[in-house]
Amino acid sequence: MDFLRPATWADALAAKAERPGALPLQGGTDVMVEINFDVHRPEALLDLTRVRELAGWDTVDGDTGGGRLRVGAGVTYTRLIEELGGRLPGLAQASRTVGSPQIRNRGTAGGNLGAASPAGDAHPPLLAGGAEVEAESAARGVRMIPAADFFTGVKRNALEPDELIRAFWTPPASGPQYFSKIGTRNAMVIAVCSFAVALHPGERRVGTGLGSAAPTPRRAAAAEEFASAELDWDGRGPLGEAAARRFGELAAEAASPIDDVRGTGDYRRHALAVLARRTLTWAWNDHRNAGRRAS
Amino acid sequence: MRVNVTVNGSAEAVDDVWEGESLLYMLRERMGLPGSKNACEQGECGSCTVYLDGVPACACLVAAGQVEGRDVRTVEGLAEGPPGDEWLDPVQEAFAETGAVQCGFCTPGLIVQSHDLIERNPAPTDAEIREALAGNLCRCTGYEKILDAVRLAAERKAAAT
Chain A
1 MDFLRPATWA DALAAKAERP GALPLQGGTD VMVEINFDVH RPEALLDLTR VRELAGWDTV
61 DGDTGGGRLR VGAGVTYTRL IEELGGRLPG LAQASRTVGS PQIRNRGTAG GNLGAASPAG
121 DAHPPLLAGG AEVEAESAAR GVRMIPAADF FTGVKRNALE PDELIRAFWT PPASGPQYFS
181 KIGTRNAMVI AVCSFAVALH PGERRVGTGL GSAAPTPRRA AAAEEFASAE LDWDGRGPLG
241 EAAARRFGEL AAEAASPIDD VRGTGDYRRH ALAVLARRTL TWAWNDHRNA GRRAS
Chain B
1001 MRVNVTVNGS AEAVDDVWEG ESLLYMLRER MGLPGSKNAC EQGECGSCTV YLDGVPACAC
1061 LVAAGQVEGR DVRTVEGLAE GPPGDEWLDP VQEAFAETGA VQCGFCTPGL IVQSHDLIER
1121 NPAPTDAEIR EALAGNLCRC TGYEKILDAV RLAAERKAAA T
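Chains A and B, in that order, are what the protein sequence lines are.
Read in our numbering, the first sequence has 21 at position 21, and its numbers run on one by one without any break.
One rule links them: number in our numbering = place in the second sequence (from 1) + 1000.
Please note: incorrect hints may appear among the correct ones.
[As the list claims (entries may be wrong)] From the structure, some residues in chain A lie toward chain B, with a derived Cβ separation under 8 angstroms:
{"id": "1", "residue": "Pro-101"}
{"id": "2", "residue": "Gln-102"}
{"id": "3", "residue": "Arg-106"}
{"id": "4", "residue": "Gly-183"}
{"id": "5", "residue": "Ala-187"}
{"id": "6", "residue": "Val-189"}
Hint data in this document are derived by calculation from the structure and do not stem from the laboratory.
By construction, the Cβ of each residue, glycine as well, lies at the ideal position given by its N, Cα and C atoms.
Please build the complete structure, drawing on both the sequences and the hints.
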């Protein structure tokens, strides 16, 4: 095995082009488990923790940015919570459920995207918020991949062998966002299932993301359409119980869960319906209360 | 490969490190620092918690090559004073006094993690202590004595400053 230690982004892209089999390494919270247990022995590790460009985040204005946040692939969960919790509350909630403080100090949303586990906690809020993944290769430069197109199978993503994740781009929250997750305790839990919701009041649209309930993280498109049409965006009227329930049912229908050690498919479907109903209710109530305070 | 790293204040060069090995393995098996414990090797138990550039991390999930040029502080580096006349860190004292140690296997990780908590938050609430220690498993104590130890260490530190 080789250990590659690029100091710059250009060097990292060159290394990945030359050694497409090299496995990118950030916090190690996924990669090192597999190596420790000899599940996986890559031909080389590509340590990206020295690449300064990956460790920052910024707001990008103008035609390409449109005020979106560009968050480097090396920003840890701890920093997402502390530095971006106000602007990305859904992602911050999800980040707080990742592992333990020690894991959050090392793990990154970029690494989560690279591993592309169906249970990755960062994925549902990135889907609900309309994030894009900035991928780059030395040969072809940058391409932007919508989060909804990024996950292609169990632990598979849309990256080419010579590409690396530079950042994810996402608009700061324009309305309430929530993330909820089922697990056996309040730490160190791989989701049994999870759900994220984001309200986009300016567009009169609801975004969703579900986790650990299908081969990939995915949006619940029918639930989004239903809630976007159903909610009283102008009058900020209450969300009826029947509508909230219907939203939950549609979210559960978007899943195709399996039975495994963490839970059965039936349980996951049931729990998703509950999570979706609750998170939409919380988000809509926040939106209504914000309207009241403003008037 | 060779890894150059500062461990507990001392600049070290470690040879024959395998490219896939963890910082934990390097500390324990190549550097004679067995304080950090090897239990789960998957970040679940917190027994191998060390400071990496001042931030607590599970040493089992850090590749040894990633610490090149960096600063590591293990449980062995918490006690201060000249060799032969060290005094324990207040967190270590509190763990010993309150009976927070039974078999002792989880203790080094809990001490490093508690040390970091009190550095950042000198007067933690019980909820904050529980949250800070959520990634450190103990199968003996039932955690109550550990909570006592952290409270005592925090009180003493506050009184001393």
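We went through each hint and held it up to the structure:
no.	hint	verdict
1	Pro-101	holds, 6 angstroms
2	Gln-102	holds, 5 angstroms
3	Arg-106	holds, 5 angstroms
4	Gly-183	violated, 12 angstroms
5	Ala-187	holds, 3 angstroms
6	Val-189	violated, 10 angstroms
Checked against the numbered hints above, the structure breaks hints 4, 6 and satisfies the rest.
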